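Given the structure of chain A, go ahead and fit chain B with the ligand onto it with the hints provided.
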Amino acid sequence: MAGRYFGQPIRRNEDPVLLTGQALFTDDVQLPGMVHVAFLRSDYAHARIRSIDVSRALDRPGVIGVYTAEDLGDYWQPGPLLVPPPPVEGIIFHQRTQVPLAKGKVRHVGEPVVMVVAESRYIAEDALDDIFVDYEPLEAVVDVEKALEPDAPLVHEDLGTNLAARVVQRKGDYEAARAKADVIIQRRFYYDHGLAAAMENRGIVAHWDKKMQYLTVWDTTQAPVVIRNGLAKMLGLSESQVRVIAPFIGGAFGPKIMMFYPEEVLIPWLSMKLNRPVKWIEDRRENFVATTQERYQVHYAEIALTKEGRILGVKDRFYHDTGAYDPYGLTVPINSQCTLLGPYDIPNYHSEMNVVFTNKTIVTPYRGAGRQHGVFVMERLLDLAAKELGIDRTEIRRRNFIPPDKFPYNNEIIYQDFAPLVYDSGNYEPALDLAMKLIDYEKFIKEEQPRLRAEGKHVGLGIVAYVEGTGIGPYEGARVQVESTGKVNVATGVGTQGQSHFTSFAQIVAEQLDVDVRNIRIVTGDTAEFHWGTGTFASRGAVVAGNAIHAAAKKVREKVLQKASEEFGVPVEELELRGGYVHTKDGRSISLADLAVKANPLRGAVKPGTEPGLEATMYFGPERGVTANGVHAMIVEVDPELMDVKIKKYVVVHDCGKVINPLVVEGQIHGGVAQGIGNSFYEEIVYNEDGQMLTASFMDYLIPTAMEIPPIEVGHVETPSPWNELGTKGTGEAGAIPTAAAFVQAVEDALADYGIEILEAPLSPNRLFEILKEAQAKKGT
Amino acid sequence: MKPPAFKYYAPSSVEEALALLAEHGYDAKILAGGQSLIPTMNFRLAQPGVLVDLNRVSELAFIRPADDGGLLIGAMTRHVQVETSDLVAQRLPLLHETMPFIAHPQIRNRGTYGGSISHADPAAELPAITVTHRGKIHLRSTRGSRWVDADDFFVGLFTTALEPDEMVVEIALPPLPPRTGWAFDEFSRRHGDFALVGVAAAVTLDPAGAVEDARLVFMGVGDRPMKGDTAVALLRGQVPSADLIEEAATRAAQEDIDPFGDVHASAAFRRHLAAVLAKRVLTRAVERANR
Ligand SMILES: Cc1cc2nc3c(=O)[nH]c(=O)nc-3n(C[C@H](O)[C@H](O)[C@H](O)COP(=O)(O)OP(=O)(O)OC[C@H]3O[C@@H](n4cnc5c(N)ncnc54)[C@H](O)[C@@H]3O)c2cc1C
Numbered sequence: 071m072a073g074r075y076f077g078q079p080i081r082r083n084e085d086p087v088l089l090t091g092q093a094l095f096t097d098d099v100q101l102p103g104m105v106h107v108a109f110l111r112s113d114y115a116h117a118r119i120r121s122i123d124v125s126r127a128l129d130r131p132g133v134i135g136v137y138t139a140e141d142l143g144d145y146w147q148p149g150p151l152l153v154p155p156p157p158v159e160g161i162i163f164h165q166r167t168q169v170p171l172a173k174g175k176v177r178h179v180g181e182p183v184v185m186v187v188a189e190s191r192y193i194a195e196d197a198l199d200d201i202f203v204d205y206e207p208l209e210a211v212v213d214v215e216k217a218l219e220p221d222a223p224l225v226h227e228d229l230g231t232n233l234a235a236r237v238v239q240r241k242g243d244y245e246a247a248r249a250k251a252d253v254i255i256q257r258r259f260y261y262d263h264g265l266a267a268a269m270e271n272r273g274i275v276a277h278w279d280k281k282m283q284y285l286t287v288w289d290t291t292q293a294p295v296v297i298r299n300g301l302a303k304m305l306g307l308s309e310s311q312v313r314v315i316a317p318f319i320g321g322a323f324g325p326k327i328m329m330f331y332p333e334e335v336l337i338p339w340l341s342m343k344l345n346r347p348v349k350w351i352e353d354r355r356e357n358f359v360a361t362t363q364e365r366y367q368v369h370y371a372e373i374a375l376t377k378e379g380r381i382l383g384v385k386d387r388f389y390h391d392t393g394a395y396d397p398y399g400l401t402v403p404i405n406s407q408c409t410l411l412g413p414y415d416i417p418n419y420h421s422e423m424n425v426v427f428t429n430k431t432i433v434t435p436y437r438g439a440g441r442q443h444g445v446f447v448m449e450r451l452l453d454l455a456a457k458e459l460g461i462d463r464t465e466i467r468r469r470n471f472i473p474p475d476k477f478p479y480n481n482e483i484i485y486q487d488f489a490p491l492v493y494d495s496g497n498y499e500p501a502l503d504l505a506m507k508l509i510d511y512e513k514f515i516k517e518e519q520p521r522l523r524a525e526g527k528h529v530g531l532g533i534v535a536y537v538e539g540t541g542i543g544p545y546e547g548a549r550v551q552v553e554s555t556g557k558v559n560v561a562t563g564v565g566t567q568g569q570s571h572f573t574s575f576a577q578i579v580a581e582q583l584d585v586d587v588r589n590i591r592i593v594t595g596d597t598a599e600f601h602w603g604t605g606t607f608a609s610r611g612a613v614v615a616g617n618a619i620h621a622a623a624k625k626v627r628e629k630v631l632q633k634a635s636e637e638f639g640v641p642v643e644e645l646e647l648r649g650g651y652v653h654t655k656d657g658r659s660i661s662l663a664d665l666a667v668k669a670n671p672l673r674g675a676v677k678p679g680t681e682p683g684l685e686a687t688m689y690f691g692p693e694r695g696v697t698a699n700g701v702h703a704m705i706v707e708v709d710p711e712l713m714d715v716k717i718k719k720y721v722v723v724h725d726c727g728k729v730i731n732p733l734v735v736e737g738q739i740h741g742g743v744a745q746g747i748g749n750s751f752y753e754e755i756v757y758n759e760d761g762q763m764l765t766a767s768f769m770d771y772l773i774p775t776a777m778e779i780p781p782i783e784v785g786h787v788e789t790p791s792p793w794n795e796l797g798t799k800g801t802g803e804a805g806a807i808p809t810a811a812a813f814v815q816a817v818e819d820a821l822a823d824y825g826i827e828i829l830e831a832p833l834s835p836n837r838l839f840e841i842l843k844e845a846q847a848k849k850g851t
Numbered sequence: 261m262k263p264p265a266f267k268y269y270a271p272s273s274v275e276e277a278l279a280l281l282a283e284h285g286y287d288a289k290i291l292a293g294g295q296s297l298i299p300t301m302n303f304r305l306a307q308p309g310v311l312v313d314l315n316r317v318s319e320l321a322f323i324r325p326a327d328d329g330g331l332l333i334g335a336m337t338r339h340v341q342v343e344t345s346d347l348v349a350q351r352l353p354l355l356h357e358t359m360p361f362i363a364h365p366q367i368r369n370r371g372t373y374g375g376s377i378s379h380a381d382p383a384a385e386l387p388a389i390t391v392t393h394r395g396k397i398h399l400r401s402t403r404g405s406r407w408v409d410a411d412d413f414f415v416g417l418f419t420t421a422l423e424p425d426e427m428v429v430e431i432a433l434p435p436l437p438p439r440t441g442w443a444f445d446e447f448s449r450r451h452g453d454f455a456l457v458g459v460a461a462a463v464t465l466d467p468a469g470a471v472e473d474a475r476l477v478f479m480g481v482g483d484r485p486m487k488g489d490t491a492v493a494l495l496r497g498q499v500p501s502a503d504l505i506e507e508a509a510t511r512a513a514q515e516d517i518d519p520f521g522d523v524h525a526s527a528a529f530r531r532h533l534a535a536v537l538a539k540r541v542l543t544r545a546v547e548r549a550n551r
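As you go down the protein sequences, you meet chains A and B in turn.
Residues 71 to 851 (the working numbering) are what the first sequence spells out, left to right.
Residues 261 to 551 (the working numbering) are what the second sequence spells out, left to right.
These aren't lab readings, by the way, just hints derived from the structure by calculation.
What you are looking at is a predicted structure, and each value in this text was computed from that prediction instead of being measured.
Among the hints, erroneous ones may be present.
[To be verified] Below, simulated DMTMM-like cross-link-like pairs (lysine to aspartate or glutamate); rule was C-alpha separation at most 20 angstroms, straight line:
#1 A/Lys507 - A/Glu553
#2 A/Lys716 - B/Glu319
#3 A/Lys175 - A/Glu759
#4 A/Lys343 - A/Asp144
#5 A/Lys241 - A/Glu372
#6 A/Lys476 - A/Asp462
#7 A/Lys849 - A/Glu711
#8 A/Lys527 - A/Glu707
#9 B/Lys262 - A/Glu795
#10 B/Lys262 - B/Asp287
#11 B/Lys262 - A/Glu189
#12 B/Lys262 - A/Asp199
#13 A/Lys843 - B/Asp453
#14 A/Lys716 - B/Asp445
#15 A/Lys516 - A/Asp586
#16 B/Lys262 - A/Asp200
#17 B/Lys262 - A/Glu707
#18 A/Lys216 - A/Glu759
#19 A/Lys527 - A/Asp823
#20 A/Lys557 - A/Glu685
#21 A/Lys173 - A/Glu245
#22 A/Lys677 - A/Glu693
#23 A/Lys624 - A/Asp596
#24 A/Lys677 - A/Glu711
#25 A/Lys728 - A/Glu795
#26 A/Lys557 - A/Glu518
#27 B/Lys262 - A/Asp228
#28 B/Lys262 - A/Glu783
#29 A/Lys377 - A/Asp199
#30 B/Lys262 - A/Glu827
#31 A/Lys377 - A/Asp462
#32 B/Lys262 - A/Glu685
#33 A/Lys716 - A/Asp664
#34 A/Lys476 - A/Asp415
#35 A/Lys848 - A/Glu711
#36 A/Lys718 - A/Glu783
Just chain A, with the same shape it has in the complex (with noise of 0.2 angstroms):
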């Protein structure tokens, strides 16, 4: 339905405020008598708290208040479990939750101990330094394998074991299947995904006021709704007394979803003790260790083939590192033990997650949440199978694709929103064959890399497949209105962080009443404007709230056409609603403002079984998923003295169904891929085995530049979803998902000549001289 908005590339309507610095974000509320907080954290991985000594702090000058775990009393309670285990049989789950402030132990470095509220902030930090704490340091588990061997320190002693959960999942009958192979290819896998490192770190101010029995609470998350049901219970409120506002957000990208971080517990709850406004602002050092991340995870995977390069199975065994909490649930786990089977026709499958506690920051979902190391894996076992078998790489792809006759496809197993994984829709060889075309595929195999090879140089190509499970329930709402002003007003509960909510919501809303989207003001993330809603995650605004939106704009069009029909006395399918107006045939018209004025009369009464206003609040809520995919392709050039990788080209192809503003779909694509690109070659987590981690600041964890980034081509294939009436699918995560996939294989391909295999991401110049010197060694012998 691409029409005069939908489908536009429309220049964003929030770009004019955010460019000149007139956005409000959380660290921009200034209130009268605010006082500042400012966190101790445990330096160590694991240790028990023997005392902890806060007199000297107290006696500062300008310090209000020093909390420790005692003195919250009852408040102090372990944070609920966000998603809870999904049913499947046999399954074991340990929930161990994060905790406001540490009590007897600490668990990760990070974790906080101590609270301390001043007249400033820097008064607050220096306090930290007054603060003594008796540690006794306890060993580490830093490695998901030693985790589980016998003698291995416990994280959660209670537990009796460091195993946080096992799920296996199967599909079909794997031994089955390999009994009958012609190739069977086995390898151990490693990959971890970083940091979100989004450029706004987290933030809470939280107001109350007594005399109005009512709290106000700015906070960096991407689930107000859900954060202001919360702490309403916790702090025996009424949902009514308590406003949260989720206001411009710098980049969130999943960690800011992980509610109920600590601060995000205490800082109303300081603001109501101390009846004073409460402002926390994250430093970038606390984000590299309080706030979640994403990180690695080990495969033992087997791929078992026909000698034409059918697959007949796949059988996985991983081992996935949780942190110290796991209060997300087995989210990240999941998606890659589903996204694993990617875009191919895969007929038995067994997998087995193993998810394992360890002394570090807590793994939440972070731009991929997990579908990352799924897809890894699968692409890296397909490279290997085409190698063995002389077949092309995109022709063992295209072998494997699941036809477009096979939707929707059942992969039988259950996926992150407990439904089994379907996907809706898809066409895969289109996808490929463009992207074929825009990186010029044959003519890089045959004349390119062979001419460039006999200069000397090091070029190689990688090109991938991936599906991206996407628009998840439970659901959305939306409210439109067309106001007296003529402007419209929409209403949702999900947040905004960057997402071009403002435009994309818009240009739904516009299709519908044929108005500028510039006269369409958009409001997300907040309760006082929405009362329902879950947040912005998996991919999912634009489809679940997309299609909330949608449903209410069509509703509130209904309600113009049938005012004006009252007004004209002409019926409604003669009438024409455009740029602003409705018309009748014989040339008359009236204003959606007018109409607007008309539908809120001051004198008459509202007819029985009708409502004032031109206004719709309407829901959506799928019942399951649907399934984006794509292809990604890029030529390296590898300096094999140096080991360093430039990315000479970069192509994606991209399937989100109905697309609603490319501009807005490239730019998630492009922001993506960078960030693809830091988790292939630049960036990278690294704790030592006392559980220290030895990249906590930019100088050492590298976040690509623009310098880094080369230009990157979009190719769109639209495959609509049949199971949401917009069409869509979510294209949030699409950018950052194999990447390093296709990235491995190209600077693989760049060193034919050395023979290399490469099984893990990220690398880096050291990791590339290491794997070369292996390589050299293992020659030599």
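Here is chain B with the ligand on its own, set in the frame of chain A:
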């Protein structure tokens, strides 16, 4: 990431600044471009009680021709001024070629020559270039004034010959002799990062094409700029063939440096990089000397 409280002075002349340093000595730190000092204060790794801000001491920002054909560069000269100076491009092409490798434009707008050498990061470019040029550093205090050879100025990790009450006021960089070729190269993780390893070379050939003199200085592979004397000894008096250059580079990377390992590069990898880069800069320097 907030620094503890400190006293702040903003003198407008060298005399005033020296008086403040004499008064506060060990407790004071000079603030130049702040690109290294402010982060360390925010991390509370440095906690000076007093800051003496040189940003209003305009007499310290200059690039002047020296009689020997080289240049005098004032301590408060910003990296960007050196980078864009015609005088530098004409007289000190090695320095000119190296400047864009330092950090990013925003940082080059603030960071200063004096700050960089006083900070003495072993992976920084300007200490290595100053040593390559056999530069001299002018130090002053209320007690007097002295010139120190670059070789003696850098004494260890982030450590220089500066006394607590002294400051760098200017740097003298002599020109490279005639028939000298030069080159600089480095390898960093990202564009603008401190390099894992960097190498500067200058090779002077005699009329017959044999090496009369050579300089090879490594950064990022020791506690200060490291001189490749083994390579220089191998090259001197010889016509530099590709094989000889390779041997010299490899030997220097084995014997003249003392690399450490960190999360970005093991000591072995740094040694490897040092050999590769030394070979590349020596080759380029010889090519240029032959032109
Ligand atoms: C992101 C980033 C990347 C960078 N990358 C590089 C790089 O690739 N290569 C590189 O070389 N540098 C790099 N730097 C450092 C930058 O070049 C600094 O500017 C420089 O090292 C210090 O200069 P400054 O003027 O900022 O000194 P400041 O930070 O002000 O001072 C540094 C130290 O020197 C002392 N000091 C300053 N001036 C004097 C003086 N006249 N006499 C005595 N003591 C003095 C100060 O007290 C302090 O101890 C980078 C910095 C950043 C933030």
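Results of checking the hints against the structure:
With a CA separation close to 49 angstroms, the supplied pair lysine 507 of chain A and glutamate 553 of chain A exceeds the 20 angstroms bound. Simply put, lysine 716 of chain A and glutamate 319 of chain B have alpha-carbon atoms about 44 angstroms apart, too far for the 20 angstroms limit, and the pair is violated. Between lysine 175 of chain A and glutamate 759 of chain A the alpha-carbon distance is near 19 angstroms, which keeps this suggested pair within the 20 angstroms criterion. At most 20 angstroms may separate the alpha-carbon atoms for a hinted pair to count; lysine 343 of chain A and aspartate 144 of chain A meet this at roughly 14 angstroms.
About 15 angstroms separates the Cα atoms of lysine 241 of chain A and glutamate 372 of chain A, which keeps this hinted pair within 20 angstroms; it holds. The straight-line distance between the Cα atoms of lysine 476 of chain A and aspartate 462 of chain A is roughly 24 angstroms, outside the 20 angstroms bound, and the hint therefore fails. With a C-alpha separation of about 18 angstroms, the suggested pairing of lysine 849 of chain A with glutamate 711 of chain A holds against the 20 angstroms cut-off. Restraint check: the Cα-Cα separation between lysine 527 of chain A and glutamate 707 of chain A comes to about 7 angstroms, which is no more than 20 angstroms; the hinted pair holds.
Distance check on the hinted pair: lysine 262 of chain B and glutamate 795 of chain A sit about 52 angstroms apart at the alpha-carbon level, beyond 20 angstroms; violated. Using a Cα cut-off of 20 angstroms, the hinted pair lysine 262 of chain B and aspartate 287 of chain B holds, with the two alpha carbons roughly 19 angstroms apart. For the proposed pair lysine 262 of chain B and glutamate 189 of chain A, the alpha carbon gap of about 14 angstroms is at most 20 angstroms, so the pair holds. For the suggested pair lysine 262 of chain B and aspartate 199 of chain A, the alpha carbons sit about 12 angstroms apart, so the restraint of at most 20 angstroms is met.
Taking the CA atoms of lysine 843 of chain A and aspartate 453 of chain B, the gap is near 26 angstroms; set against the 20 angstroms cutoff, the hint is violated. For the hint linking lysine 716 of chain A to aspartate 445 of chain B, the alpha-carbon distance of about 17 angstroms falls within 20 angstroms, and the restraint holds. Simply put, lysine 516 of chain A and aspartate 586 of chain A have alpha-carbon atoms about 51 angstroms apart, too far for the 20 angstroms limit, and the pair is violated. For the given pair, lysine 262 of chain B sits about 15 angstroms from aspartate 200 of chain A by alpha-carbon distance, which is consistent with the 20 angstroms threshold.
Distance check on the hinted pair: lysine 262 of chain B and glutamate 707 of chain A sit about 43 angstroms apart at the alpha-carbon level, beyond 20 angstroms; violated. Annotation: proposed proximity of lysine 216 of chain A to glutamate 759 of chain A holds, straight-line Cα distance about 11 angstroms (limit 20 angstroms). Our distance criterion of 20 angstroms between C-alpha atoms is met by lysine 527 of chain A and aspartate 823 of chain A, whose separation comes to about 11 angstroms. The suggested pairing of lysine 557 of chain A with glutamate 685 of chain A holds, with an alpha-carbon distance near 12 angstroms, which does not exceed 20 angstroms.
The hinted pair formed by lysine 173 of chain A and glutamate 245 of chain A fails the criterion: a straight-line CA distance of about 48 angstroms is larger than 20 angstroms. Straight-line distance between C-alpha atoms of lysine 677 of chain A and glutamate 693 of chain A comes to about 36 angstroms, which puts the hinted pair past the 20 angstroms bound. Taking the CA atoms of lysine 624 of chain A and aspartate 596 of chain A, the gap is near 23 angstroms; set against the 20 angstroms cutoff, the hint is violated. For a cut-off of 20 angstroms, the pair hint linking lysine 677 of chain A to glutamate 711 of chain A is broken: about 81 angstroms separates their Cα positions.
For the suggested pair lysine 728 of chain A and glutamate 795 of chain A, the alpha carbons sit about 10 angstroms apart, so the restraint of at most 20 angstroms is met. With a CA separation close to 56 angstroms, the supplied pair lysine 557 of chain A and glutamate 518 of chain A exceeds the 20 angstroms bound. Between the alpha carbons of lysine 262 of chain B and aspartate 228 of chain A the distance comes to roughly 39 angstroms, so the proposed pair goes past 20 angstroms and is violated. Between lysine 262 of chain B and glutamate 783 of chain A the alpha-carbon distance is near 42 angstroms, which puts this suggested pair outside the 20 angstroms criterion.
Restraint check: the Cα-Cα separation between lysine 377 of chain A and aspartate 199 of chain A comes to about 66 angstroms, which exceeds 20 angstroms; the hinted pair is violated. Straight-line distance between C-alpha atoms of lysine 262 of chain B and glutamate 827 of chain A comes to about 46 angstroms, which puts the hinted pair past the 20 angstroms bound. The straight-line distance between the Cα atoms of lysine 377 of chain A and aspartate 462 of chain A is roughly 13 angstroms, inside the 20 angstroms bound, and the hint therefore holds. Only pairs whose Cα atoms come within 20 angstroms are accepted, and lysine 262 of chain B paired with glutamate 685 of chain A is rejected, the gap being roughly 49 angstroms.
Between lysine 716 of chain A and aspartate 664 of chain A the CA atoms are separated by roughly 60 angstroms; this puts the pair beyond 20 angstroms, and the hint is violated. At most 20 angstroms may separate the alpha-carbon atoms for a hinted pair to count; lysine 476 of chain A and aspartate 415 of chain A meet this at roughly 9 angstroms. For the given pair, lysine 848 of chain A sits about 19 angstroms from glutamate 711 of chain A by alpha-carbon distance, which is consistent with the 20 angstroms threshold. Taking the CA atoms of lysine 718 of chain A and glutamate 783 of chain A, the gap is near 12 angstroms; set against the 20 angstroms cutoff, the hint holds.
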